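Undergrad: Residue strings, one per chain:
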Amino acid sequence: MSSSKKHIILKAENLTIGYQQKKTSKVVAENINFEIEKGQLITVLGKNGIGKSTLLRTISKVQKPISGNIFINQKNIEQITEKELSTQLSLVLTERLPESQLTVYELIALGRQPYTNWLDKLSSKDVEKIETAIKQTEIEDLKDNRFYELSDGQLQRVLIARALAQDTEIIILDEPTAHLDLHHTIKIFSLLKKLVETTSKTIILSSHEINLSINFANEIILFTDNTIFTGNLPYLIDNNAFDNLFPKEIVNFNRNLQQFIINKK
Amino acid sequence: MENKSYTKHFILLLILLIILFFINISFGSVSIPFKDIFNSLFNGNVTKESWQTIIVNFRLPKAITAILVGSGLSVCGLLMQTLFRNPLAGPFVLGISSGASLGVAILLLGSSIFGGFLLTTSVSNWSLPIAASLGSFLVLSAVIIAANRVKNTMSILIIGLMFGSFTAAIISVLAYFSEADQIQQYLFWSFGSLGNLSWAELSVFIIIYAIAMLATLTILKPLNSFLLGENYAKSLGINIKKSRNITLLITSVLTGVITAFSGPIAFVGLAVPHIARMLFFSSNHKILLPAVATIGAIVLLICDTIAQLPTSEFTLPINAITSLFGAPIVIWLLVRKKRIFV
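Same order as they appear, the protein sequences are chains A and L.
Those letters in the first sequence? Residues 1 to 265, per the working numbering, in order.
Those letters in the second sequence? Residues 1 to 342, per the working numbering, in order.
Hints in this document: simulated from the structure, not taken from any laboratory.
Please note: incorrect hints may appear among the correct ones.
Only pairs whose alpha carbons sit at most 25 Å apart, straight line, appear in this in silico SDA-like list of lysine to any residue [unchecked claim]:
#, chain 1, residue 1, chain 2, residue 2
1, A, Lys22, L, Lys8
2, L, Lys242, A, Gln88
3, A, Lys61, L, Glu230
4, L, Lys286, A, Lys22
Here the structure is a predicted model, which means the values were calculated and not measured.
Go ahead and model the full structure; you've got the sequences and the hints to work with.
TA: Quick look at the structure:
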């Protein structure tokens, strides 16, 4: 925090996100401003339907912002071509993959498409990147399987490996732990944390695992009903950001434990 | 890495293809000894002059047509299934073949409605394929415009079927106002036939086929990325719109030219990609494209050999054979495997 030479990799400026139809636009969230430093784990938190996925889709250029600007390494994403963006930002989405017979290795290798020639031939560098991604996510024993044979937890690791193979500075994951049990959820969080620390990638994910998120994340983008807070855990606690996140009679934030506690009644 | 095991598959299939090619040429209403068939193909040294004509001008073009039609339709089916990420897609299901039929119907039947203009220009080597390609392109574009609005793949298939019945209705109306001999001409065309092509027509066919097949190589990369869905494909830097349009263009031209020359042939486009996926246990288009093309050619050569009813004077409509033998095989394969892939 003290160092003045921060490398801001992603920046949102007066961003309004939502869905634009022909004449009307449905605003999901507005006044979004944040700066994200390189090499951090960022979680996007907030209740269902408040705009987490919309934000992730907007910063990954899947959909357009209603107004405002997004910058990746000081460059407005409006000016970044899709081709260029594919070498800077990779995705792990919640949507189900179409049923196919791709092997885990082939699926991860698809992450190299931004770098391969028109016939999609893997160079030795591509193979090396794929192998590294497989090692980092510890899925060596899965690589010859078809992806439909995997459990949800394994598949999530494979999709993360695919994003790693794409060799981008930023990885965005939309609810990567949505279908996972607690044990696998924690494994994914620790994997992402480890990746941030060892590879200096910037990882942004949305999640409903609020207790895990606030413990693992370097920074949190918190959607509440009125404001969007961005900052680390102490900052959010100081600003009472968690106080009104959920109905008080059901879930409370305990400042001492730095955890959300369920009210048993 | 895994390519080694596939090489064996391909060699076996190619040998099978060559054998079937010769078997196909050997059978017909006139029985010709195999030695003479071989001689007529390679050194023109044949016992009877008429045999030479039969083989070079009838059987050889027919066998080549079978290969082109079978591989072409199957590749179209593969492209459609990948593009829509739907194992039920194919040139027939999406109404593209019906579009080609509509083009041909307007050319053959439309003269009574649109007057002599069409009649005078009709049925040269190029007019049938152009009409059929335009027809299939028209229907395919309509399906795509509709598809962009609904997103849901099931709806897209239903829309395709609707376009199919819509074009069929137009064809009925055209037929109602047409002369008997025009209807007969159209009806015979719609039975499907691989055997009526002259070498001149065949060369037109081969040129269009070759261009379309070479063009599929340029979309190999987008096709593989489509296996992850459009959002992932886009995030990999693929230009979705461009790739989709090229895919559709290739499909409509291929389906158009094939339907023009051989009539609407059912089943092959839908089924062969599934057979290839089962045999090769892969979804990678680098493997599937050549596999689908080879198997498609093999399947149609077999169907055509059956259609000739060896030693008989009759030839059954190829369209009937492909469905009659093909549909049960596909049902059997799918019931046994219980899982269908894209």
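Undergrad: So, for every hint listed, does it hold in this structure?
TA: Structure-based check of each hint:
1. Lys22/A <-> Lys8/L: Roughly 55 Å between the alpha carbons, so the hint for Lys22/A and Lys8/L is violated.
2. Lys242/L <-> Gln88/A: holds (22 Å)
3. Lys61/A <-> Glu230/L: holds (13 Å)
4. Lys286/L <-> Lys22/A: Cα-Cα ~40 Å, so violated.
When held up to the earlier numbered hints, the structure conflicts with 1 and 4 and fits the remainder.
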